[in-house]
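A.B. asks: With the hints as extra help, turn the sequences into a complete structure.
Number of protein chains: 4
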Amino acid sequence: MPFPSPLPEPVRFGLIGAGRIGAFHATTLARRLPEAALVVVADPAGGAAERLAAPLGAAATTDVDAVLADDRVEAVAVTSSSTAHADLVIRAAAAGKAVFCEKPMAMTLDEADAAIAACRRAGVPLQVGFNRRFAADFAAAKRIVDDGGVGTPQLLRSLTRDPGLADPGAVPPWTIFTQTLIHDFDTLNWFNAGAAAVEVNAMADALVAPGFRSAGLLDTAVVTIRFGNGALATAEASFSAAYGYDVRGEVFGSSGMVTVGTPAQPAVRHWSGAGVAGPTVRADTELFPDAYAAELAAFCLAVREGTPPLVGGDDARAALRIALACVASVERGAPVRIGEIDRPAEAAV
Amino acid sequence: MPFPSPLPEPVRFGLIGAGRIGAFHATTLARRLPEAALVVVADPAGGAAERLAAPLGAAATTDVDAVLADDRVEAVAVTSSSTAHADLVIRAAAAGKAVFCEKPMAMTLDEADAAIAACRRAGVPLQVGFNRRFAADFAAAKRIVDDGGVGTPQLLRSLTRDPGLADPGAVPPWTIFTQTLIHDFDTLNWFNAGAAAVEVNAMADALVAPGFRSAGLLDTAVVTIRFGNGALATAEASFSAAYGYDVRGEVFGSSGMVTVGTPAQPAVRHWSGAGVAGPTVRADTELFPDAYAAELAAFCLAVREGTPPLVGGDDARAALRIALACVASVERGAPVRIGEIDRPAEAAV
Amino acid sequence: MPFPSPLPEPVRFGLIGAGRIGAFHATTLARRLPEAALVVVADPAGGAAERLAAPLGAAATTDVDAVLADDRVEAVAVTSSSTAHADLVIRAAAAGKAVFCEKPMAMTLDEADAAIAACRRAGVPLQVGFNRRFAADFAAAKRIVDDGGVGTPQLLRSLTRDPGLADPGAVPPWTIFTQTLIHDFDTLNWFNAGAAAVEVNAMADALVAPGFRSAGLLDTAVVTIRFGNGALATAEASFSAAYGYDVRGEVFGSSGMVTVGTPAQPAVRHWSGAGVAGPTVRADTELFPDAYAAELAAFCLAVREGTPPLVGGDDARAALRIALACVASVERGAPVRIGEIDRPAEAAV
Amino acid sequence: MPFPSPLPEPVRFGLIGAGRIGAFHATTLARRLPEAALVVVADPAGGAAERLAAPLGAAATTDVDAVLADDRVEAVAVTSSSTAHADLVIRAAAAGKAVFCEKPMAMTLDEADAAIAACRRAGVPLQVGFNRRFAADFAAAKRIVDDGGVGTPQLLRSLTRDPGLADPGAVPPWTIFTQTLIHDFDTLNWFNAGAAAVEVNAMADALVAPGFRSAGLLDTAVVTIRFGNGALATAEASFSAAYGYDVRGEVFGSSGMVTVGTPAQPAVRHWSGAGVAGPTVRADTELFPDAYAAELAAFCLAVREGTPPLVGGDDARAALRIALACVASVERGAPVRIGEIDRPAEAAV
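Chains as they are written, first to last, in the UniProt record's numbering: chain L, 1 to 349; chain A, 1 to 349; chain G, 1 to 349; chain E, 1 to 349.
No lab work stands behind these hints, which were simulated from the structure alone.
Keep in mind that the hints are not guaranteed to be accurate.
To be verified - If we take Cβ atoms under 8 Å as the criterion, some of the chain L residues that face chain A in the derived model are: (1) L155; (2) A242; (3) A334.
What the hints assert, rightly or not - In silico negatives: residues of chain A with every beta carbon more than 12 Å from chain L: (4) A37; (5) A45; (6) D63; (7) D65; (8) A66; (9) G151; (10) A170; (11) A231; (12) E236; (13) S238; (14) G253; (15) E286; (16) R304.
Unchecked claim - So the derived list for chain G, only partly shown, Cβ under 7 Å to chain E, looks like this: (17) Q154; (18) N201; (19) M203; (20) D205; (21) L207; (22) R226; (23) G230; (24) T234; (25) A242; (26) G256; (27) Q265; (28) A334.
Each residue gets a CB set at the ideal place from its N, CA and C atoms; glycine is no exception.
C.D. replies: And the structure:
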């Protein structure tokens, strides 16, 4: 079932960034996906690449350029810190490598445009790590929407609640929009395909760690988006859900609704004098292991078949626009027309 | 279990307004509640009161004053058209009757203040028809919140989706806020007890019946509310849910979450080649029959025991404030500080 | 919605047996059902009838014959101890009263035949208290089955688990079959309409209160039934479910399955560090209040309209046959052909 | 998370039997599990091994002895037709190979004893393919039971419904017990740990394909089991569930219940005018992919660490005893004492 026969030659990866999600992707590439092989891991932090690569049978380096210059490497997985993403995409493309980039692909629209242009110029595929598109339940929801099961979307919702906020002081400003809710913005764009966001209002606060509010922390946010087709959407995030990791979506339209996602898993319930109880999902890697594998498998297929990735630079740019509009909305305390984001100079007038 | 023993003398009701919900309440009062008796029904429309009252064994009149002057009537149920509510509350109070008023109790804050003052002056109990407070599932959710089960509320959600929009041209302006979402505003106030709304942003449109947009119809709305304790809430409504009647809530806080409500009922599932399927609730009177009975039973108890109703004029005023702020927000296309609503003259500057 | 207009004259009831379920039915008849009125309550135990009847505005007596001779009484509700049911049905029928009899209608097939014959002879309607047929979820399941949603039934399941066993020493022998599982036998007969049970195997034990095993207590049982159409069914009961009251059903057939019932209610969930939790139903009167009212309303309708009750003496007899076959199966430690139950003399050979 | 670091040398497998489940396991071993490597596939059918092995990078042979003689092979996966299992286990053990054997491990108790003895003699680990023990939801249920969450088990249920019966004529006699329900018997033994089955009653029929009844087909079965600790269990199977693949369990005890499994997946629901609907699981490889991988990963760990497999020959024998008792029960039309199965000569008297 899962594998074509005969299997094509595995895509040979270099991975840049040996942090938490980099380690997870590296292990998937090296161990779980027959479509992929892990050649080398790069990380500037001393020893980080080595500790990750060695048990996976891959080489390690602190030099990104060594990865880009490595002829064995066909594809680069960018899993570094977010601010370095766009630059690495551009350099990997220039080196002729196919690029899988974790979200967010860029921190500004200029960066995003440059990354997209670089990949287009180099003729390399570019895929962005919006994992929900590859989760079985979200994909099933998308099929229902595409098959007309909800009619014209009118009200949408997407939410992300992370299980905890370990180090509030280490969270860069606006992270809740550019790193967390960017997932939800992509989900909403995907579910409401063909329509673009036209207006955004964001409210956010430091409710989890109020002591860090003055330092710029926003750990709780609610965003309202008006789309060009009239649909109204909410996106919601918190950095600290006591019950675990919670990602859900809802698309309500003229002829129905689809709801997707639940933090309640697996399919077991305990009934006692206290009522009924069940376990919840505690981490993204617990909720989305198959989605993480599937997005990399799809990328490998795109590389081998020469087909366009299912979620690329334009999608990343569209989600980023909404995130940047949220930033502006919070700064102004008012709704923001999304068009202003594309013309920051005019907007500043 | 359900009835005290011996049962007190039933509270004798006059009901004003023989429309859909009036008919439902009249039947409950006359037939289902041992705590209540229905004496008389009034409706100005020719024959409406008579058609409702006769099979219920009650008298009928087209004259409201006859009801208020009727010595047998201890309590008045106000189920007329919304714009008449406040005036009828005031007149019923002046006549010394206990008052159960369907939501919304008033259309302006001045009206609300006058209604509250009238009842206070007359020393009569005033209860408002926020039925969700009496639904078993919402009441269970409230207990969890009150028992600290979610910690400090941070993100709340309440939604109402009606099953259909029969006559878009007959919907008065702003109905989605003053008549539909007012339920959700009360629910949010109730769940986030002790905190008041401080800022509101509303987006709304005519997506169900776009042909009536120019006539002022708003049939789809999303509201974001910031509360004084920092909590952020969304309220959402649509006038046309293909799958029926949908009322749900969610309270997320520092130590947990409570979710409440589902349009899926009853507890039956059909498994076939098409997958799994189940029925949905199609009307408010199908979802909330027990809540409608319970709110009237509670009112009867308040009348007999002399205790304050569980949901009164101040609650109606607090929900109305949010609804009026929504109106202002839509008009301005911007968030509205709730304080402005209390000082319309200043706000207009 | 729920009431015809104009409402017919209420059916006037005499109720015999002021125990737990008798008190519940009396209250429903007196207070909740516009279709019914409660005239008199009879119970031989000193004061029991009086304590129940007085607050309900009904008369009380210790003399059953006084009820049967009362001209105001149109219908008799038999809620006495089970062993007296059949005799009371026969006497009520002889007095020309319509009869609503709690399950079990009889303890032997001879009794059942006599009760059925008596009602037929007197031309009075006879309805038996199989409440699940009137529960919204079970009724929805039945409609799915009748509409062909599962095809030909092949595997069925019905279970009843009571919330506790207060006084094991007071449980008459075989109660688990003749009083508890008789509900499930009727449910299975109903879902598998048109087919009769042909073979039964029962295993039972005293697992809740093993100290009473030697006294004949059976508090846990599993029954397998083979029906004439080949379908195989299981029925299962326990007298002590820690989590409350649990009644569920399942019909699996050639083209699908229907599942019905859950002890998880109402529609609220609490999500916390411990996972997800919700409340459960704790008593039959909590799970089935609407079913209890609906069965009496349906009976009133049958009385007024002269239509046959939806569940009558033949249904009670069919369920009893299975219960008696279970008794024989446990005694023999072997499966029992259901035909033997009809011919006890032959079976004993 | 999923992999120890550094990863041990992969366990090198020879796989015998290139049928459906053999192909699935081969792919898992070769492609999905870093703990395993696939060296060679054997299948007597011309070309079957080659077709499976080639794209997986493994060797192929029609000669089982070549696998057993291959020094590179550390472990043998027995996925041949069921009747050959025990013999292959014995030969693999004699060759000093660790053995993973699909269920059923044996068709008779003598075979089972010989297989167990052979592995013990050779000092090689033996694991049997009872996949549910490695499914996340069943494992969570087991932990609840082991932690005392249900108290003493009193009523258990396990069911298996396969999605379809492609070729009724090709089903060997008693398959429903020895191949399908044997999963459920193991599940029941596992959940009710420490107690052994003492009495079994089985009812079975050809309801899916009645035309094959005379040829000995049994495609629908219900089994009741009495355990030594008094617990009563039902096991239920069908070869044709229109809605897909259905594996569920239930353990009810003195202080609670655990329910596990659902054919409804993934977490998506479609709400429309028809009500609510969702997808169902259609195959074992769709429901249990992670369990299939986990059981092989656990076996690899047992091989590398020298620890006893979590589910071994004794477990297979215990489940087989129940299956054989079911055969006897159907043949006799009566319950069977499980002890008779161990002494077939006496039982035949």
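A.B. asks: Work down the list of hints and note, for each, if the structure agrees.
C.D. replies: Structure-based check of all given hints:
1. Annotation: L/L155 was flagged as interfacial toward chain A, and the flag holds, the nearest CB pair being 6 Å apart, inside 8 Å.
2. With a least beta-carbon distance of about 5 Å to chain A, the hint placing L/A242 at the interface is held under the 8 Å criterion.
3. Interface restraint check for L/A334: the shortest CB-CB distance to chain A comes to about 5 Å, inside 8 Å, so the restraint holds.
4. Every beta carbon of chain L lies more than 12 Å from that of A/A37, the smallest distance being close to 38 Å; the non-interface claim holds.
5. Listed as outside the interface, A/A45 is consistent with that label: its C-beta sits roughly 34 Å from the nearest C-beta of chain L, beyond the 12 Å cut-off.
6. The Cβ of A/D63 sits about 44 Å from the closest Cβ of chain L, beyond the 12 Å cut-off, so the non-interface label holds.
7. With a least CB separation of 45 Å from chain L, A/D65 remains clear of the 12 Å interface cut-off, as annotated.
8. Distance check for A/A66 against chain L: the nearest CB is about 46 Å away, which clears 12 Å, and the non-interface claim stands.
9. Taking the minimum C-beta to C-beta distance to chain L, about 7 Å, the non-interface status of A/G151 is violated against the 12 Å cut.
10. Distance check on A/A170: its Cβ is at least 20 Å (rounded) from any Cβ of chain L, clearing the 12 Å threshold; non-interface status holds.
11. For A/A231, the condition that its CB be more than 12 Å from all CB atoms of chain L is violated, with the nearest at approximately 7 Å.
12. Once the 12 Å rule is applied to beta carbons, A/E236 is inconsistent with being away from chain L; the minimum gap is 6 Å.
13. Its closest Cβ contact with chain L, about 6 Å, brings A/S238 to no more than 12 Å, contrary to its assignment away from the interface.
14. Look at A/G253: its CB is around 8 Å from the nearest CB on chain L, not clear of 12 Å, so calling it non-interface is violated.
15. Annotated as non-interface, A/E286 keeps its C-beta farther than 12 Å from every C-beta of chain L; the closest such distance is 18 Å.
16. The beta carbon of A/R304 sits about 33 Å from the closest Cβ of chain L, which is more than 12 Å, so the claim that it is off the interface holds.
17. The interface hint given for G/Q154 holds, since its Cβ lies 5 Å from the closest Cβ of chain E, which is under the 7 Å cut-off.
18. Here the hint on G/N201 is kept, as its CB sits about 5 Å from the closest CB of chain E, short of 7 Å.
19. Interface hint status for G/M203: upheld, as the beta-carbon distance to the closest one in chain E is roughly 5 Å, under 7 Å.
20. A hinted interface residue such as G/D205 counts as satisfied when its beta carbon comes closer than 7 Å to some beta carbon of chain E; here the least separation is about 5 Å, so the hint holds.
21. With a cut of 7 Å, the hint placing G/L207 at the interface with chain E holds, because the nearest CB-to-CB distance is about 5 Å.
22. Taking 7 Å as the C-beta cut-off, the interface hint given for G/R226 holds, the closest approach to chain E being about 6 Å.
23. The interface hint given for G/G230 is met, as the beta carbon of that residue sits about 5 Å from the closest beta carbon of chain E, less than 7 Å.
24. At its closest, the beta carbon of G/T234 sits 5 Å from a beta carbon of chain E; the interface hint therefore holds under the 7 Å criterion.
25. Hint on G/A242 holds. Least Cβ distance to chain E is approximately 5 Å, under the 7 Å limit.
26. A least Cβ separation of about 5 Å between G/G256 and chain E falls short of the 7 Å threshold, and the interface hint therefore holds.
27. Taking 7 Å as the C-beta contact cut-off toward chain E, the hint placing G/Q265 at the interface is violated, the least distance being around 15 Å.
28. At its closest, the beta carbon of G/A334 sits 5 Å from a beta carbon of chain E; the interface hint therefore holds under the 7 Å criterion.
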